[in-house]
Structure formats: C-alpha cells, structure tokens
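Here the protein sequences come in this chain order: A and B. Under my numbering, the first residue of the first sequence is numbered 1, with each subsequent residue one higher. Under my numbering, the first residue of the second sequence is numbered 1001, with each subsequent residue one higher.
Hint data in this document are derived by calculation from the structure and do not stem from the laboratory. Mixed in with the good hints, there may be bad ones.
[Stated by the list, open to error] What follows is a list of derived Cβ distance ranges for each label pair:
#1 A:Gln207 <-> B:Ala1137: 49 to 55 angstroms
#2 A:Glu227 <-> B:Ala1137: 41 to 47 angstroms
#3 A:Arg229 <-> B:Ala1167: 52 to 58 angstroms
#4 B:Ala1080 <-> A:Asn6: 27 to 33 angstroms
#5 A:Thr231 <-> B:His1109: 37 to 43 angstroms
#6 A:Asp147 <-> B:Ala1126: 51 to 57 angstroms
#7 B:Leu1144 <-> A:Glu227: 49 to 55 angstroms
#8 A:Ala148 <-> B:Pro1192: 23 to 29 angstroms
[As the list claims (entries may be wrong)] Residues on chain B that point at chain A, a partial pick, calculated with CB under 7 angstroms:
#9 Pro1062
#10 Thr1098
#11 Val1099
#12 Gly1183
[Said to hold, decoys possible] Chain B side only, calculated, beta carbon under 8 angstroms to chain A, not exhaustive:
#13 Pro1067
#14 Asp1089
#15 Tyr1090
All residues carry an ideal CB built from backbone N, CA and C; glycine is no exception.
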Amino acid sequence: MDDRKNAPRLRALVLTENPEDPMWLLRGVPSGAARSGLLGWVMTAASIDGIAPLQVMEIMARALCRCAKATFLHSLPISDAPAPKWLDVAHGQATSLRPGGWSRLFARKPSFPLICTTSPTTAIQLFLTSSFDWSQRSQLVLLSDRDAPPPQLSYQLFLDLWQGRTPPASETLVREAGLSGFVSPAVDGNFAQIVAFAEPLWQSLLQALVEECAAAEIEWRQAGEAEFRKTRWFLDRLPEDAA
Amino acid sequence: MLCTGSAPQFGQSATGVTAGSADGGDLSEDPLSGSVAVGTGMAAVVRIPVPGTGGLFVELTPRGWTPQGGSTSTLFIQDATGRRNLRLDYGYNVRTGTVDYHWNQKGTHGQFGIPDHTPAGSGGRAAYQAARYFRYAGRVLLVLGAAADAYSIVVAEKRMRQVAKVAAGWLGAWGGCKVVGAGGAVGGSFAPGLGTAAGGVAGCIVGGVGGYWGASYAAGELYDWVEETFFTPLPEVAGPD
C-alpha cells in the first residue's frame, strides 16, 4: 500500500509526430504508412524499476482497444492453434506463428504466440510479456479493424515487422493481412511508437488518447521533435541525482 | 604374463592453448589442445550464477527473444526468464536526457541497490565495450578450441584416451566456469553490478581454464589407470631352454 502511495505518478503524455532521430530506436515502417508518432510519459519522479507505469499501461490499453483489435505477443498460459487458425480464449483469440522445423532448429528463429483482443484488461499484458520484453523492444502490437476477424498473418510477414524490416512488398502484404497499424516500444521501452496505415485510425487513436488522458486527469500535449527531445520526463530528481 | 597397457606420461606444466599430446599423453606434451581457448570462451556462453540473489545469472545475451538490434545492452544479470534483470545499456537515458552508458533494471534493486537508468560512468563504458566484443570473441575462441581439440583427437595415437580427455575438459571447463564464476560474482559484489559481473566473468575464465586442464588431466590419469588395471593376457610361449 505504501509502495503504491509513494510510487511516481503520471503527469502527462506527450506525442511527437513523424519522429526521425535514430536515438529513439524506432521500428522500420512499411512505405505508404499514413501517420506515425512517438508517445512519451512525464512522471513525478523516476521509478526504481524499468516497467512502464501502470497508468500509462491502462491509458494505452483502453485507447488501443477503443479503436482497434490489438494483436500482440504474450506469455499467458493459454492454449492456441497454429496459424492461420485462431482459437477462442477468454477475452480474445490466440494463435501461434511457428517457423519451419529447419529454421527453428538451426536458425534460432522464435515461435510467436499471439493473442488478439479488444479487452483493455487483456491488452495490458502486452507490457508484461517476459519472453518478448517491452523494455528491450521485443514486443509488437498489431492493430486491425475492431469489427473484423483477427488478421491473417504469415510467419514471414510477422517476422519482418518484428525485425523492423520493410521489404518492398510489405505494404501490400500488410494490407492483405488486414493490418491497419502497429504499436511498438521505442528506446528502453520508455516510449511507444504508434503507426497507422490509414488516416482515420490515426485520428481515432489520437482522439481516444486525448479522452483517456482527460478521464484520468492527465495532461495531454503534442510537441515538435526538438521540443520532445528536451522534455523533462521526471519532474523530481532522485536523491542521488541531486547529490 | 605381459601387460600391453602403456604407462602414463607426466609433463611438467600446461603451457596454454597449445598444450596437448599427439599420442594421447598429458596436456603438457599435446601439440594442440583447446584448454585456454575453451576455458576462456566458456564465459561468453555459460550462465554464471550469482549466489544469494534468488536465481540471477551473469550473461552476455538477453533472455527471451529480441529482434536484431532490439536490446542495446551487452551485459546482463538476470533470472532464467528475464523477468528480473539488471543490464548495462547504451542509448538515450530518460533520466539524464542524454545518450550515455547506464543501468536498466527490473526487480533486482533489492540485490544491487541500483535504480533503473542509473548512469554507469567510465567503468560502465569499459565494461559495456568489453562485453560487447567478448560476446563474439568468446564464441570464436570456443570454435577455435573445438577445432584444436578435434585436431588433437585426429592426430592422437590413443584416440579414445584423447576423446576422454577432451570430453572431460569441456565438462570441467563448464563446471569450473560455473563454480569459480559464482565465487567471483560474490567476491566482486563489493561493487554491486559492475563488480558482480566482472568478478563472475573473471572467475568463470579462471575456473574454465583450470577446470578444463584439471578434468582433462584427471581423465587421462583415469584412462591410464583403467588401461593398466584391465590388461590383456598374451599367449604363453615356451621359454629358452
């Protein structure tokens, strides 16, 4: 109880559009992506542990699930079906993208366990997946039409997106799979890269973030990249910093 | 009754990578053996335990899966799942607002007292670069060691003896790395984090080389003892009148 009372609190979410500085360590975006942005969070103080703040998780999970179906890597103890099948699970559907036997054995390619959901409670897990750590930029959240079936993903397409590779055909493949955008952790998981392949999704995501911030009484602001770079992400400094 | 086994040959000292015996003798006479290469390279791949931390290990690669260029860290003290980790990182630091060498951590503050995004200073920079290159150099050493050991088997007169020595050497290097590395990690923890990792890796290298040499030597001894003990009788022939 005391820990939570003393935990750093979220003060503001800040978004910059079309970030370019390589220091953010952004994933490659397929050509033709409509809009992209980088979301950061201002806290009252630095936290001891490198985990995304709970309030940020809640706001992002709610905003994403209001606008889209979120498909992400998970480490939940649930059954799934090999792609392209999706198995109904609590609050969503689950599948697993597996490399060919040869690749799995000799190229050390991972299997990708995916869950597709519109439930914010489930979507929060995207920040907590140990095998695909948010803070080490291993998570990838695909966005698709909220009212459509889960996206039809091939192993190679997901691998390319996960690796941040953007082969020339990726734009077509992304659209054929029914994807409308993605969210990905940026440097140290302290930022979230948001990409929408169509303007309507971008606008509805921004609107949802603004409304969720308002509901949580958190400041929302947008900034140019230069200003974003100078943002003071912790309002108070840790005692050892001051010393 | 005659014995066909050969007496073991004892050398004076092991002289590093190139100690080995073509006839399956002890290390000091081996023309090529991977003891130093294997023992040193082990530190790049073995999980070096850090006793008293609830299952944390020193490693040079992250747990779980990361895309190429995903993790910008090179030195990890982490549990088997990667859920708890302390890692030495280089990149933009939200705490300082600059690109620097710093620690990232989850769930290890109780053991090391290092909060997330703590700048690592010049020592951190040196350790980051050393780990970055040793991660690959260590693997190269393992390959070279394996090649040297394979060669030593091919040219050995007593191939089975050399196979036993090499197999025992690799096992000994692995075990020595773990045991002495764990001791080094504890000893180095007077400087939590950096000292823990440096002590662990240094201990692993010492234990790896010593473990390889000791186990290989013991295997050679054992082989010779067995060979002497279980001898083959030769047919009796009439002696000279």
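Hint check:
The hint said 49 to 55 angstroms for the Cβ distance between Gln207 (chain A) and Ala1137 (chain B), and at roughly 52 angstroms that hint holds. In this structure, Glu227 (chain A) and Ala1137 (chain B) meet the distance hint of 41 to 47 angstroms, their C-beta atoms being roughly 43 angstroms apart. Between Arg229 (chain A) and Ala1167 (chain B) the beta carbons are some 56 angstroms apart, a value that agrees with the proposed interval 52 to 58 angstroms. Between Ala1080 (chain B) and Asn6 (chain A) the Cβ separation comes to about 30 angstroms, which falls inside the hinted range of 27 to 33 angstroms.
Restraint check, Thr231 (chain A) to His1109 (chain B): a C-beta distance of roughly 25 angstroms breaks the suggested window 37 to 43 angstroms. Between Asp147 (chain A) and Ala1126 (chain B) the beta carbons are some 55 angstroms apart, a value that agrees with the proposed interval 51 to 57 angstroms. Checking the proposed 49 to 55 angstroms range against Leu1144 (chain B) and Glu227 (chain A) shows it holds: the Cβ atoms sit about 52 angstroms from each other. Judged by the Cβ atoms, the range 23 to 29 angstroms given for Ala148 (chain A) and Pro1192 (chain B) is violated: they are separated by roughly 51 angstroms.
Hint status for Pro1062 (chain B): holds, given a least beta-carbon distance of 6 angstroms to chain A, under 7 angstroms. A cut of 7 angstroms between beta carbons decides the hint on Thr1098 (chain B): the least distance to chain A is about 10 angstroms, and the hint is violated. Here the hint on Val1099 (chain B) is kept, as its CB sits about 6 angstroms from the closest CB of chain A, short of 7 angstroms. Hint status for Gly1183 (chain B): violated, given a least beta-carbon distance of 29 angstroms to chain A, over 7 angstroms.
Because the closest C-beta pair between Pro1067 (chain B) and chain A is about 5 angstroms apart, less than 8 angstroms, the hint holds. Checking Asp1089 (chain B) against chain A by beta carbon gives a least distance of about 7 angstroms; that is within 8 angstroms, so the hint holds. The interface hint given for Tyr1090 (chain B) is broken, as the beta carbon of that residue sits about 11 angstroms from the closest beta carbon of chain A, more than 8 angstroms.
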